Amino acid sequence: MSECFAHFASCSKFLHVFHLPIYSTIYSRIGDCTFMANILALDTSGESCTVALRIESNLFYRRSDEARQHTKLLLPLVDELLSEAGVSLNDLDAIAFGCGPGSFTGLRICLGVVQGLAFGCGCKVIPVSTLMAMAQGASREGVAEVGQTVVAALDARMSEIYTGIYRITDTIPKLAAGTQECVSPPAEVALDDFSGVIGVGSGWSYSELSREQAVTVKESLLPDAADIIVVAEEMWQQGLAQDVMSVEPVYLRNEVTWKKRERIRAQ
Amino acid sequence: MRVLGIETSCDETGVAIYDSEQGLLADALYSQVKLHAEYGGVVPELASRDHVRKLLPMIESVLKQADLTTGHIDGIAYTSGPGLIGALMVGACFGRSLAYAWGKPAIGVHHMEGHLLAPMLEDNPPEFPFVALLVSGGHTQLVQVEAIGQYRLLGESLDDAAGEAFDKAAKMLDLDYPGGPHIARLAESGTSGRFTFPRPMVDRPGLDFSFSGLKTFTLNTVAAHALDDGLPDDQTCADIAHAFQEAVVQTLAIKCRRALSETGYKTLVIAGGVSANIRLRDVLVKELARVGGSVFYARHQFCTDNGAMIAYAGCQRLLAGQQDKLAVNVKPRWPMDTLSPLL
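Each protein sequence line maps, in turn, to chains B and F.
Numbered by this note's numbering, the letters in the first sequence go through residues 1 to 267 in order.
Numbered by this note's numbering, the letters in the second sequence go through residues 268 to 610 in order.
Hints are supplied without guarantee of correctness; some may be wrong.
[Claimed, not checked] Only some residues are given here: those of chain B computed to face chain F with a beta carbon under 8 Å:
#, residue
1, Thr-71
2, Lys-72
3, Pro-76
4, Ser-103
5, Thr-105
6, Ile-109
7, Leu-111
8, Cys-121
9, Ile-264
10, Arg-265
Don't read these hints as lab results, they were simulated from the structure.
These numbers come from a predicted model, not from an experiment.
Idealized CB from N, CA, C, for every residue including glycine.
My request is simple: use the sequences and hints to build the entire structure.
Encoded structure:
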């Protein structure tokens, strides 16, 4: 581990490198299941570019906070992680990625790379909601405990936010009953049915998002491949990996043009 | 060498496989024209979203067309600029990553170099050196071409590209996007000589173009003859389309002649979407024949954006040993004369 830090310390002041033994409670739950999937997870849905790789019981991780450099950073980071782990793409069972919501361009950079890698090496893909990953992050950081409700909110620009209301469970977060991820003005996010929620994400910077029900708010908690990989491992166990041909980004906002042209004369 | 080419710089998804020994093995194109038509122009976000959807099925389709498996591809070429940044990123990130997964070299190709070399895919390709007129919705340039990668910009449009002027004139006449083919079709029934539109910048030296004045002239002519609904009668619309096309074609022809005379070259290559215009081809062929020159252009489907030209251009560069690193670098603006020559 110290070698790993020394080697990459000179790469970039923005680059964070971790090589951690796995900590998740999920593996104890799996019990007798000796097969653990080798999964690569990527996320470029926001300003950071994060990559995590799970090979047997080891977790390898890279993060760069250099803005607007995702196309230049993502593939070299993947290559570094694979080399460090001493594996190739062909050793992977699946590639997981933050499928959205988030920056439209960021989502497409990530999926473009995932499509190329997964089609090229013939492995499955696991799309993971960025909002669910944030709820998982709240659990990992100890901000939220099992049974608590996390309201993950991301700034969607144009005075709107993306929100997902998740309940922390003993495996991965689950959408609160009767809710779905959506994009809306912050004032329209209905939290009346919930109490003692944990707020995470940049969407909480809007003062219109009611904090009355929130016991804790952590705006700096954002989507991260380290959380995506934990969710993806559980999804793999549940048989939720997909063929790469069938995945698309989840934009949530689909109204991207407004002015339609009016004809002068009927054709 | 067998190269997979990927083009996603604007509103067309193009994928093709070119073999340096056997020529073009497969070619697939998906045009988003219908998607953008109701907005009167390309909506970048919609274009990017559609590229993501179409790329993989098209890759599978060309591999099947050529009866190849993934192991038979020796390299990947993708358009890395100029163009819409979001659209470029889709093809470039995908292409670079696929090459990495296959353990093959990859190269980012200049979109206009692709166009310029598209006539090389034909049975009777031009020989270097030549003058190239690159004329599309985004570009109007005259380039002196000594060899692949050795380009000197002779002149370019100071404002609108010729294809853009066609689109805007079409909109004024209530025609669909993209305007070029619609104007050309309407111009066929136009009366020659009823209107005479200006030939911009032909009375001064140099090889630059300007089409914004012509656009204003068209707008004023339409307004002067407009009926209650804001449009002239059908015949007048056709006459305006005819006069407009004639002005663009003659302006381009005058500058092409001038460029050949300045360089002393005898060969002209026309490329890009507007090079599909039949009237432009006819005028240039006739005019160059008079001075002992010849005109080369690609078949209609390779005048507009396509994957074949990217596969061809990428193949030449990969054969010369050039290749890109893992970092994907897309360039929405990318002057052609900064390209490296083949050594």
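Verification of the supplied hints:
Of the supplied interface hints, the one on Thr-71 of chain B holds, with its beta-carbon coming within about 4 Å of a beta-carbon of chain F, less than 8 Å. Taking 8 Å as the C-beta cut-off, the interface hint given for Lys-72 of chain B holds, the closest approach to chain F being about 4 Å. Interface hint at Pro-76 of chain B: satisfied, since its Cβ lies 5 Å from the closest Cβ of chain F, which is below the 8 Å cut-off. Residue-level restraint check for Ser-103 of chain B is violated (minimum Cβ-Cβ distance to chain F is 10 Å; threshold 8 Å).
With a cut of 8 Å, the hint placing Thr-105 of chain B at the interface with chain F holds, because the nearest CB-to-CB distance is about 5 Å. Below 8 Å, beta-carbon pairs count as interface contacts, and Ile-109 of chain B has one with chain F at about 5 Å; its hint therefore holds. Hint status for Leu-111 of chain B relative to chain F: holds, with the closest Cβ pair at about 6 Å, below 8 Å. Given hint, Cys-121 of chain B at the interface with chain F, holds; its Cβ is 5 Å from that chain's nearest Cβ, closer than 8 Å.
A hinted interface residue such as Ile-264 of chain B counts as satisfied when its beta carbon comes closer than 8 Å to some beta carbon of chain F; here the least separation is about 4 Å, so the hint holds. The criterion of a C-beta within 8 Å of any C-beta in chain F is met by Arg-265 of chain B, whose closest approach is roughly 6 Å, and the hint holds.
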